[in-house]
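Trainee: What follows is the residue order along each chain.
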Amino acid sequence: MTVRDQVWTADDTSPSEIDAAIRKLLIDFHAENEGYWPARVLNLVCVVDREWSGEIANRLRGVGRYHASRTIVCAVDGRRTTLRAKATIATDSEPKPGEFALLRETIVVECGPRHLEHLDTIVDPLVVTDLATVVWSPHGHWDALDSLRRLAQVVLLDSVDDPDIDAALHRACSFSDGLYVVDLAWLRSTPWRERVAAAFDPPALRHDLSIISEVNIRYHPDSLVAGLLLLGWLATQLGWETTRLMTRGDAFSGKLKARRQDVQVTLEPQPIGVRGLAGVTIQKANGESLSLDRGEGGLRAVRRRPSRPEHAWTILGASRGESGILGEGIRQALLRDPTYRPALVAADAMLHR
Amino acid sequence: MTTVVQDNPLTEGLERVPVHPTTLVIFGATGDLAKRKLLPAIYNLAHEGALPDTFYLVGCSRSDMPHGDYRQLAVDAINEFSRREPDPKVLDALLEDVRYVPGTFDDESVYARLGETLDEFDERVGEPLNRAFYLSTAPEFFPVIVEALGRAGLNDVKGETEVRCIIEKPFGTTLAEARELNKRVLAVFREKQIFRIDHYLGKETVQNMMAFRFANSMFEPVWNRNTIANVQITAAEDIGIGTRAGYYDSAGALRDLVQNHMLQLLCHIAMEPPVRFTADEVRDEKAKVLHAIPPPTEDDILDMAVRGQYTSGVVGGEEVVGYLEEQDVPEDSNTETYVALRLFVDNWRWAGVPFYLRTGKRLARKVTEIAVTLKPVPHLAFQQEGSIGVRPNQLILTLQPNEGVSLALAAKIPGTRMRIRPVNMEFLYGTSFLSQSPEAYERLIMDAMRGDATLFTRNDEVEAQWEICDPIVRAFESTPGPLPQYEAGTQGPEEASSILLPGDEWRAI
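Chains as they are written, first to last, in the numbering used here: chain A, 1436 to 1788; chain B, 2 to 510.
Because the hints were derived from the structure by calculation, they are not lab data. This structure is a prediction, so every number in the text was calculated from the model and none was measured. Accuracy of the hints is not assured; some may be wrong.
Said to hold, decoys possible - Simulated crosslink set (DSBU-like; lysine-lysine; CA at most 35 Å straight-line): (1) Lys170/B / Lys159/B; (2) Lys90/B / Lys1719/A; (3) Lys36/B / Lys1531/A; (4) Lys1521/A / Lys1531/A.
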């Protein structure tokens, strides 16, 4: 919760004026109390439709502690021909004696369509040099994103946002060639990937990775991409040869070639209240299976083994919610997961090859 | 024959490495530490999805109560002390199967019932689970519990599972006790099964000291006796002993903080770079530092150790009582609430560099820091009037309250003359990372369940720490009072300056 802020606004302004204004605001804060310190973690550049910028601001407010230290919002207004800017420096706490309070900077630049092709020249003077820069364009504006490529190290995407799955996968593949892609659809699958990995982690069970015979993945009807990414991850990490999946109604199915046998895979939508994965069942050739489904207080796990009683239990973990996922996306911009791109390429291949 | 364990390719890229399914048993499950730290830490791990896929919790303590009452005690403790507001669904799921085994720790039937509970969980899952026994009791029960676990056959592994024993501090109150405790514990568990807690090692900033030293090339060239004049390690508190008189009056500042935490900090500052970041390679390097510190002789102690006791004074604008007036403190107590030591690390890198350690209650403010003071420049061309002048560079590693690193440099004061004053170059941990540091206990519980002992103290480290402190403890105990005194809210006793080498001075707290 913001307890104190300082705001500067200007019409018909320029990036150098905005930069000077934010420097002055920082100096003013520091002069008032030396305990105010600017956070220096990463730059987040958002390109949004002006009419929906309030919704994006709300989403960013909900990310908890995972704020970018400087957020630059480029709000695109179809009628605007000059730049209008509002720079805010805010803090969530007053510094106590001997302690410090963090400052966060938000710059909202209202711009017009004519600015998008060279948006980089507007944003470049406003990012903090030497910090990682993440770009996020939740309302499309891919031309603007292309222009920002040279400034950015990371692109934040949500592949399930785009109803055109082909386009979403192609775009993610294209961005991942040269930039690090943080895909919120991928992050939603993290607990599932952790649990599947854990199920095969005891040394005695690692051999069973080679006898997986069936995989059934269930997903929210809007989240086919999440299912494909999970399957792509299994396929690439376990060395399965991917083939194009066949459609059967809303479901997809196919056979992937593992070293020892084919793996029968199915992906099917399941109505659930939240986006992302709904469940996964992994069947082994020895008749054992593990199912994970969403449940109260975590994932509900069921293990079945021939001639032994079924064992069901809860794998503990709180839901992060959509705000938590966005916050996690910002945090992940400072890390690197080498398994996403291969999973993405495999997912794309299973849909198109 | 060596068994080759196949890699698990599914763990690549995951931030959290899977932990084998585990049953965690807390001895002293109704105690203060369990309620304030352990249960909230376990909840937070559950909330984040960090606990093993299959996890059971068993409490064991003297109070007689049914499982349901213990569940309620745990709920209340987590609600009161968790660093985040608990999610009721996760909390319910975590404590759904919690068990409580009441009884005194010397009662063999407790361990039989405990064994039955553990077996029941194994049977429910259909395979043996790892077992971790957390000894969060008064220290006199450590050997009692360990030996009873051994007699009950609960110390050994079944198949590929592991049994681990986590032991809280203090690990002995003298060298002889520490050796005896090690002997008794090692008669039941192997060293790789034992995890001696020093919760300071679970703090992010302590771990960051290694990253700071060994991931940056700029410090190594100056990190030696040629450039460093002295090192000061300070753990100052502005609070008194509160309601801990029973423990504190028998321990004192030396046992409470120096013997464990502060010597570990010294190790992190003075150790050589380990070849790999593995438990034994890190601990080998720390043990070498401890072995390089000569234990003081009786004659040395007057010259290298000072103790003190606070009297009444004013802290934060409030009048506070002196130590002897604190609740439950004997009026003739000789227990030190302040101690300062000068130690040397006699090795190639550090010979001749004094390491000053000081800790105390009711000091001017709360701060834990390590100050590395560099030698002054050999010649100064700008000795100008009207300036504070040049001071030796100081590198300050602050652990609390503001985790960070600060470098004191000399800079020119703007103007026509060459006037110099010290300035600080600051790095504040909180400004540069998005993640909130987990509580030390969260990290340590996970590491123990995972079997990673890097952040735990090995038997030889504990004994080496006691070899340094034991002569001082004995000298303190055999020297009659009254102790040097210091007013609450000040820098400590004036006598503390007597252990400084000529030219050295204490950094202001």
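Trainee: Tell me if the straight-line CA distance from Lys90/B to Lys1719/A falls inside 35 Å.
Mentor: The given pair, whose Cα atoms are some 31 Å apart, holds under the 35 Å limit.
Trainee: Please work out if Lys170/B and Lys159/B have their alpha carbons no farther apart than 35 Å.
Mentor: holds, 28 Å
Trainee: If you draw a straight line from the CA of Lys1521/A to the CA of Lys1531/A, is it 35 Å or shorter?
Mentor: Distance ~29 Å between Lys1521/A and Lys1531/A Cα, so the pair holds.
Trainee: Taking 35 Å as the top limit, are the C-alpha atoms of Lys36/B and Lys1531/A close enough?
Mentor: Judged against 35 Å, a Cα distance of about 29 Å means the pair holds.
Of the hints listed earlier, there is not a single one the structure fails to meet.
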